[in-house]
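Trainee: Spelled out from the first residue to the last, the chains are:
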Amino acid sequence: MPGHPEAKIDPRHAQIFFSLYFAMTGMHALHMIIGVGIFGVLIFMAWRGRFTPEYHTPLEIGGLYWHFVDIVWIYLFPLLYLIDRHK
Amino acid sequence: MAEHILSSKLYWAIWAILICLTVVTALVARVDLGWFNPVAALLIATGKATIVVLFFMHVKYTSEKLTTMVIVSALFWLLILLALSLADYSTRPISQNCM
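Going down the list, the sequences are from chains A and B. Per this note's numbering, the very first residue in the first sequence carries number 1; after that it's consecutive. Per this note's numbering, the very first residue in the second sequence carries number 1; after that it's consecutive.
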């Protein structure tokens with residue numbers, strides 16, 4: 001590693017990191033694809049006039065799901081992509 | 001459901017704030033602050049998540065105390081998760097670990 005000539009790099013560290021990386025980004029991507037599908041259905045329902053100012057619950061619930069997915073990403077992005085950027 | 005309707009201007013403003021915080025996260029990640037780097041990243045990320053929960057998920061305008069309680073409990077649980085993970089990882093006797 002730069003600056004630490006005596007340090008040995010353990011390949012097991014990289015293995016652990018990358019297995020976690022692919023597992024977490026894969027799960028997140030799967031949830032995003034599901035979310036896109038849900039939005040497609042919601043757009044179709046809205047186009048068909050199913051929602052009114054009194055009844056728009058599916059829109060709200062779909063929005064909540066999507067925000068849960070993006071909050072996961074808010075943590076995943078810095079922890080997986082930016083974590084050792086300063087080195 | 002929610003009686004309170006937010007202006008689209010507010011949503012755009014919150015989105016702009018989130019974008020700025022993302023840029024800040026990326027910039028701070030490039031500066032070497034030693035052990036503070038992951039702490040800073042998590043702090044900014046928690047700030048962004050809080051903004052998303054309060055405004056985009058409408059929690060700031062909810063009159064349901066139960067909703068707030070569930071979120072506070074979830075955050076407390078997350079704290080336990082992070083504290084125990086850090087307690088394990090930071091007390092390991094590995095010489096070349098980058099914490």
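For the record, the hints were derived by calculation from the structure and aren't laboratory data. Be aware that a few hints might be false.
For the chain B half of the interface with chain A, some residues (derived, Cβ under 8 Å), not all of them [unchecked claim]:
(1) T25
(2) A29
(3) V31
(4) D32
(5) W35
(6) N37
(7) A41
(8) L43
(9) R92
(10) P93
Note that beta-carbon positions come from the ideal geometry of N, C-alpha and C, so glycine has one too.
Trainee: Compare the structure with each hint and give your call.
Mentor: A quick look at each hint next to the structure:
With its C-beta approaching chain A no nearer than about 5 Å, T25 of chain B sits inside the 8 Å limit, and its interface hint holds. The criterion of a C-beta within 8 Å of any C-beta in chain A is met by A29 of chain B, whose closest approach is roughly 4 Å, and the hint holds. Satisfaction of the interface hint for V31 of chain B is found here, the shortest Cβ-Cβ separation to chain A being roughly 6 Å, below the 8 Å cut-off. The interface hint given for D32 of chain B is met, as the beta carbon of that residue sits about 4 Å from the closest beta carbon of chain A, less than 8 Å.
A distance limit of 8 Å between C-beta atoms decides the matter here; for W35 of chain B the minimum to chain A is near 11 Å, and the interface restraint is violated. Annotation: N37 of chain B was flagged as interfacial toward chain A, and the flag holds, the nearest CB pair being 6 Å apart, inside 8 Å. At its closest, the beta carbon of A41 of chain B sits 4 Å from a beta carbon of chain A; the interface hint therefore holds under the 8 Å criterion. Given hint, L43 of chain B at the interface with chain A, is violated; its Cβ is 10 Å from that chain's nearest Cβ, farther than 8 Å.
Taken as an interface hint, R92 of chain B does not check out: its beta carbon lies about 12 Å from the nearest beta carbon of chain A, beyond 8 Å. With 8 Å as the threshold, the beta carbon of P93 of chain B stays out of range of chain A, its nearest partner Cβ sitting at about 14 Å, so the hint is violated.
Violation of the numbered hints given earlier is confined to hints 5, 8, 9 and 10; the remaining hints are satisfied by the structure.
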